[in-house]
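Asks: The primary structure of each chain is shown beneath.
There are 2 protein chains.
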Amino acid sequence: MASSTHPNAACAACKFLRRKCTQGCVFSPYFPPEDPTKFVNVHKIFGASNVSKLLNEIAAHQREDAVNSLAYEAEARIKDPVYGCVGAITVLQRQVLQSQKELEATHADLIRFSSDLIH
Amino acid sequence: MASSTHPNAACAACKFLRRKCTQGCVFSPYFPPEDPTKFVNVHKIFGASNVSKLLNEIAAHQREDAVNSLAYEAEARIKDPVYGCVGAITVLQRQVLQSQKELEATHADLIRFSSDLIH
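Chains W and Y, in that order, give the protein sequences. Quick note: the first sequence, position 111, residue 111 per my numbering, numbers continuous. Quick note: the second sequence, position 116, residue 116 per my numbering, numbers continuous.
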């Protein structure tokens, strides 16, 4: 956490937004100054104000997970402006279907072999 | 498309933002007035300004896909403010791993059976 490793340094969000990083800064624990890209991406895609609202609506112990999922989504959207991380969902859904098909075929082979063994 | 089905009606975005929906409106083809929630969700999570910037950066024929993926992500984030659609990715990744494990086990069974058949 930036607040513990850099007690006096402004977090990446406050640095980028050129404002004073106060003790209660909602971004500070999740946007360390060493990783400016994380904030730049999230700000570009969601906007600092939307992220701040979202963080204030969820429990403190879940905010780190929320920021990391937002950062993941933002990075995916920057890499693929059309599909973002929905592209990854489509690929995974296809993989699940493909695996299920293979599994069914292998099960069918297995049933065939075991019935051959019995007869 | 709203622009063709409702040539004179403001799109959901312009209605929500209380502005005149002009012929070149970047939102109009993708946010029909019949589906106000689509715009409300996307605006809440990404902000109209970010969406407009994003749409202007991509080719016109890909904008519909982009809007639909943004709407999907926004809905997922509203349903699950902590993980959003990254939650779906995690579930799918687990499903893929589980299927692969099952497939490996079934293949191993198959090899055992076929070697039993030979001997």
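In short, the hints are calculated from the structure, not lab data. Take these hints with a grain of salt, some might be off.
Copies of the same chain look alike in the list, so a pair counts if it works inside one copy or between any two.
[Said to hold, decoys possible] Below, computed lysine to aspartate or glutamate pairings styled on DMTMM-like, alpha-carbon distance capped at 25 Å:
1. K53 to D65
2. K53 to E34
3. K101 to E64
4. K53 to E102
5. K79 to E57
Asks: Taking the numbered hints from earlier one at a time, note which ones the structure violates and give those numbers from smallest to largest.
Replies: 3, 4
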